[in-house]
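Asker: Here is how the chains run, residue by residue.
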Amino acid sequence: MADAPDRILLKVSDLHKRFGANVVLSGASLTVPRGSLVAVLGRSGSGKSVLLKCLANVVQPDSGVITFDGKELRSDTPSARADFRRRCSFLFQSNALFDSLTALENVALPLEQTTDLKAKEVLERSMEALKQLELDVHSESYPSQLSGGMQKRLALARAIVTQPELVLFDEPTAGLDPLRRNAVFTMIAKYQRQFGFTALIVTHDVPEALLASDRVALLSNGQMGFEGTPEEFASSQDPFVTSFRDSEASLSSQLHSIRRGETIQSKES
Amino acid sequence: MVRSVGRYTLSIVQALGDFTLFTGHSFGSALGSRKLGRRVLRAMFEQGVRCLPVILIVGIFTGLVLGLQGYYVLNRFGSESLLGTLVSLSIIRELGPVLAALMLVGQAGSALAAELGIQRNSEQIAALETMGISSHAYLVAPRLIAALLVYPMQTALFCTIGLWGGSISGSMLLGLEPGVYWSAVERAVESRDVSECLLKAVTFGLLTVGLCAYHGFNAHRNKSATGARAVSASTTRAVVQSSIIVLAADYVITSFLI
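Chain order of the listed sequences is A and B.
All the letters of the first sequence, read from the start, carry residue numbers -13 to 255 under this note's numbering.
All the letters of the second sequence, read from the start, carry residue numbers 918 to 1175 under this note's numbering.
Hints are not guaranteed to be accurate.
Said to hold, decoys possible - In silico DSS-like pairs for lysine-lysine, Cα to Cα no more than 30 Å straight-line:
no., chain 1, residue 1, chain 2, residue 2
1, A, Lys104, B, Lys952
2, A, Lys106, B, Lys952
3, B, Lys952, A, Lys117
4, A, Lys106, A, Lys176
5, A, Lys117, A, Lys176
Worth flagging that the hints you see were computed from the coordinates, not collected in a lab.
Chain A with its partners taken away, still in its complex shape:
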């Protein structure tokens, strides 16, 4: 069933991006319903992060249409872009925290620079965000003094302090062990429900993404090879979806073959 237009917060149509001769996106399209948690899956280097950076205006797409809340975002529509920036936050894979600022100053920065709030209100709201993410006792610590998980929470606190409607997560679990990975997905799902923002997560952690998300999209060769609910993804018979979904079973089968001394042909090219 098609989503009603007012239910759709973000719509990407036919997005193209290339870096020199390297075509990264070749007609990617995506629909993000309001209030949902959408996971974009794909192999490493498939263009997931570039898609997200095109949405966040960090990278300029070559062509395509991005519509946010019914308004098209173009270089000649600065007011729509400014509105998008005000209502959207981006959580970088590397967290992108300011290492010369304390945790509190990091969280307060977007409020200080983009709103007319008084210093007292900025402080109160920043402390509140830190408290909600259980970081209030570390408000005077610098990012380098915090653990990896705390840094992730601090980045999320900075992302949500402006009360955005859409939060873009760029591989929030990259490089984390399984326990921390679960903790980050739980944190995102928890705060997404608590604060009611729409979340778009780029990841390659299939089981966690299927459990946490409302919708799943699979990026393949610069285009969306699949878009649907986690249940539809789990039951899809599309060869690319099955290869991606059943990668764990495939690994197990290959390892059994290796142990039995059979020759395995690598799929990496």
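Position chain B relative to chain A; hints supplied.
Answerer: Positioned in the frame of chain A, the structure of chain B alone reads:
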């Protein structure tokens, strides 16, 4: 051959245009920036207080050496009384603004290029843009505004300390009457010399801080290196180009004002 010269010339013109747009955009973006004053003060602290020791040390030794060399040269012609003239005009017209700018490039400029390069590498600059904060206004404009204020102050300090260095050499170590030295300074220095000195300081500040910020800010555009190497390459390029531009701009300004 002609084609490669043409291509090289075009790349220089393009880089000059890019640098001019970068500096202009940074100044323009400062107009609507919130809490700019606080960031300007911080930048003034970095360029001013942190660089003070090196300015004082280089200033005093420049004056000492100039006094020493000048005294023995003038002594051959029996003109030691002109030592104040030699030291003051050399320092105020040329050495003060040039050496102060070079010292500031070495200390504050290199730090600025490296800091911005690291911020670019760790996506802090991209993070600012996604938050709707102009990275030019937040990171570059305060440094440029601070340079317009700090460079003349540091140069004035350098010149004052340099004159004292000349006095120490000439009067305390070589026996020239202090009154003779300082009256020669007073007679030689005109307001025009001080204006030229300050004009040079402002110009050098704008050019060097602009160049250092430009190279650090655009560290990711480096084609020959990535990551930490790109930061180090950008910092080196910033310092080398800034040092050259100081000397080139000094010649141009002097040739117009002399």
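Asker: Now look at each hint and say whether the structure bears it out.
Answerer: Evaluation of the provided hints:
1. Lys104(A) x Lys952(B): holds (12 Å)
2. Lys106(A) x Lys952(B): holds (15 Å)
3. Lys952(B) x Lys117(A): holds (26 Å)
4. Lys106(A) x Lys176(A): Given pair Lys106(A), Lys176(A) holds - Cα atoms ~28 Å apart, limit 30 Å.
5. Lys117(A) x Lys176(A): holds (15 Å)
When each numbered hint is compared with the structure, no violation occurs for any of them.
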